[in-house]
Structures are given as structure tokens and as C-alpha cells.
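Chains as they are written, first to last, in the numbering used here: chain Z, 5 to 116; chain U, 16 to 126.
Rather than coming from a laboratory, the hints here were simulated on the basis of the structure. Take the hints with a grain of salt, since some may be wrong.
Ranges of calculated distance between the beta carbons of each label pair, as one might list FRET restraints [said to hold, decoys possible]:
hint: 1; chain 1: U; residue 1: N34; chain 2: Z; residue 2: L116; range: 28 to 36 Å
hint: 2; chain 1: U; residue 1: N41; chain 2: Z; residue 2: K61; range: 18 to 26 Å
hint: 3; chain 1: U; residue 1: D82; chain 2: Z; residue 2: K17; range: 43 to 51 Å
hint: 4; chain 1: Z; residue 1: P65; chain 2: U; residue 2: A118; range: 20 to 28 Å
hint: 5; chain 1: Z; residue 1: I16; chain 2: U; residue 2: Q57; range: 18 to 26 Å
hint: 6; chain 1: U; residue 1: A81; chain 2: Z; residue 2: T84; range: 46 to 54 Å
hint: 7; chain 1: U; residue 1: R60; chain 2: Z; residue 2: R67; range: 23 to 31 Å
hint: 8; chain 1: Z; residue 1: F64; chain 2: U; residue 2: V74; range: 27 to 35 Å
hint: 9; chain 1: Z; residue 1: F64; chain 2: U; residue 2: A118; range: 15 to 23 Å
hint: 10; chain 1: Z; residue 1: S83; chain 2: U; residue 2: R60; range: 43 to 51 Å
hint: 11; chain 1: Z; residue 1: G44; chain 2: U; residue 2: T71; range: 29 to 37 Å
hint: 12; chain 1: U; residue 1: S89; chain 2: Z; residue 2: R67; range: 41 to 49 Å
hint: 13; chain 1: Z; residue 1: S83; chain 2: U; residue 2: A126; range: 43 to 51 Å
hint: 14; chain 1: Z; residue 1: K61; chain 2: U; residue 2: N34; range: 33 to 41 Å
Every residue, glycine too, gets a C-beta built ideally from N, C-alpha and C.
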Amino acid sequence: KAGVTQTPRYLIKTRGQQVTLSCSPISGHRSVSWYQQTPGQGLQFLFEYFSETQRNKGNFPGRFSGRQFSNSRSEMNVSTLELGDSALYLCASSLGDRGELFFGEGSRLTVL
Amino acid sequence: LAKTTQPISMDSYEGQEVNITCSHNNIATNDYITWYQQFPSQGPRFIIQGYKTKVTNEVASLFIPADRKSSTLSLPRVSLSDTAVYYCLVGDDTGGFKTIFGAGTRLFVKA
Chain Z
5 KAGVTQTPRY LIKTRGQQVT LSCSPISGHR SVSWYQQTPG QGLQFLFEYF SETQRNKGNF
65 PGRFSGRQFS NSRSEMNVST LELGDSALYL CASSLGDRGE LFFGEGSRLT VL
Chain U
16 LAKTTQPISM DSYEGQEVNI TCSHNNIATN DYITWYQQFP SQGPRFIIQG YKTKVTNEVA
76 SLFIPADRKS STLSLPRVSL SDTAVYYCLV GDDTGGFKTI FGAGTRLFVK A
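Chain Z with its partners taken away, still in its complex shape:
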């Protein structure tokens, strides 16, 4: 079956702009979680959605937001981009229980 799909794979933005990243989970998976990965901070949890509801949130400012649609697809948005937002943004889906996480290839964001 198809894996987790993230779009776009690469993008370049300038400071102050906003960006929207998309994630299509594996069919049947109702949980989608987002992570930011940078060389300095490693993999950091952003938030997790389950059946269109945000179930958990990491320690990121309000500029980072997300949502999940009825088909389980999810988007995350970062407003007023800062240079420090440059990172690989990873999406993972799961059945929502104690099962494994399935990650996408990520969206690499560069903020200039």
C-alpha cells in the first residue's frame, strides 16, 4: 500500500512569509503527527491529530499550527517565518494506538 506522502519536498521562503505543508497518511491511519528536525535540536514533536482533533502539542510558538481533514490528510502552517524555521518537517501516520509510526520523506524548508 502507498506510504505517507508529503508535499512539497523542497521549498524556499523568505523571512516573514508563511508556508503550508501537506501530509497524506497511509490509508486507514487516523493519527497524523508532525516533527521538526534540525541539526542542532534533533527531532522535535510539533503536534498530533487524531480524527480531526489535535490530541497533543509540543513546545512550539503559536506561529506553528495544523489541522486534519475528514479524510485524515493533514496540513501544517507556519506563519511569519524566521530563519530558525529552516528544517526538515516530517509527518508520520499511525493507527493511533500503540502501533508503529510510519514517516514520510519530509518537506525541507529553507528560509532566507
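Since the structure of chain Z is provided, determine the placement of chain U on it from the hints.
This is chain U only, laid out in the frame that chain Z set:
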């Protein structure tokens, strides 16, 4: 979530068995132990998960002592392609609720 401690890096040679130990002294009764592998510019990939004793699958074994305060991921006969970062996660929400990844262990396999 239980805090985990792993070695920052390890070196090995092709064909050797590699054991990576993770300490999790504050593991809770309901917590599971899960290991992921990550290659550069890719998302982590699930390797194995266990609760106690020993779990084995086609790629690795996971050893968990009776007190569950540590766990050891064992990779048999590593190859160059096993060079990656390995993360140990402990929690009862390993399904993705609020999974916290530590710094991981960078394994470098040499020819």
C-alpha cells in the same frame, strides 16, 4: 514520558554484531520500548518494539531485562547500509501521541 539515555555514537565493522543500549530508569508500568532507524534526509523507520524479555524480528533483536530500566537493540552482522542514527523511545504513546525522540545513537559501519 520516561527520559532515555543512549551513547552518542558507535563504530563497527561489517559483519559484526552491534549492540546499542538505552537507559530508561523512570520507565512506567504501561510503557513500551520502541526503536527507530533514520538515514540522512529521510524519516525514521520503525525497527522493533517490546515490553519485556526478548523480541526478535527479521532485522533485529530487542533485549529487555526484568527491571526494564534499560534495553539493548542488537543488530546481527551489520553492513555498510546499517550506518544510520538509531533512536530509543519509551512511553505508552508510541503510537504517535506525543512521541519524544532523544538525540539517538549514530552508528558508523566501516568496511
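Outcome of the hint check:
no.: 1; hint: U:N34 - Z:L116: 28 to 36 Å; result: 44 Å, violated
no.: 2; hint: U:N41 - Z:K61: 18 to 26 Å; result: 22 Å, holds
no.: 3; hint: U:D82 - Z:K17: 43 to 51 Å; result: 49 Å, holds
no.: 4; hint: Z:P65 - U:A118: 20 to 28 Å; result: 23 Å, holds
no.: 5; hint: Z:I16 - U:Q57: 18 to 26 Å; result: 20 Å, holds
no.: 6; hint: U:A81 - Z:T84: 46 to 54 Å; result: 51 Å, holds
no.: 7; hint: U:R60 - Z:R67: 23 to 31 Å; result: 30 Å, holds
no.: 8; hint: Z:F64 - U:V74: 27 to 35 Å; result: 33 Å, holds
no.: 9; hint: Z:F64 - U:A118: 15 to 23 Å; result: 19 Å, holds
no.: 10; hint: Z:S83 - U:R60: 43 to 51 Å; result: 31 Å, violated
no.: 11; hint: Z:G44 - U:T71: 29 to 37 Å; result: 36 Å, holds
no.: 12; hint: U:S89 - Z:R67: 41 to 49 Å; result: 42 Å, holds
no.: 13; hint: Z:S83 - U:A126: 43 to 51 Å; result: 48 Å, holds
no.: 14; hint: Z:K61 - U:N34: 33 to 41 Å; result: 36 Å, holds
In summary, the structure is inconsistent with hints 1 and 10 from the numbered list given earlier, while agreeing with the others.
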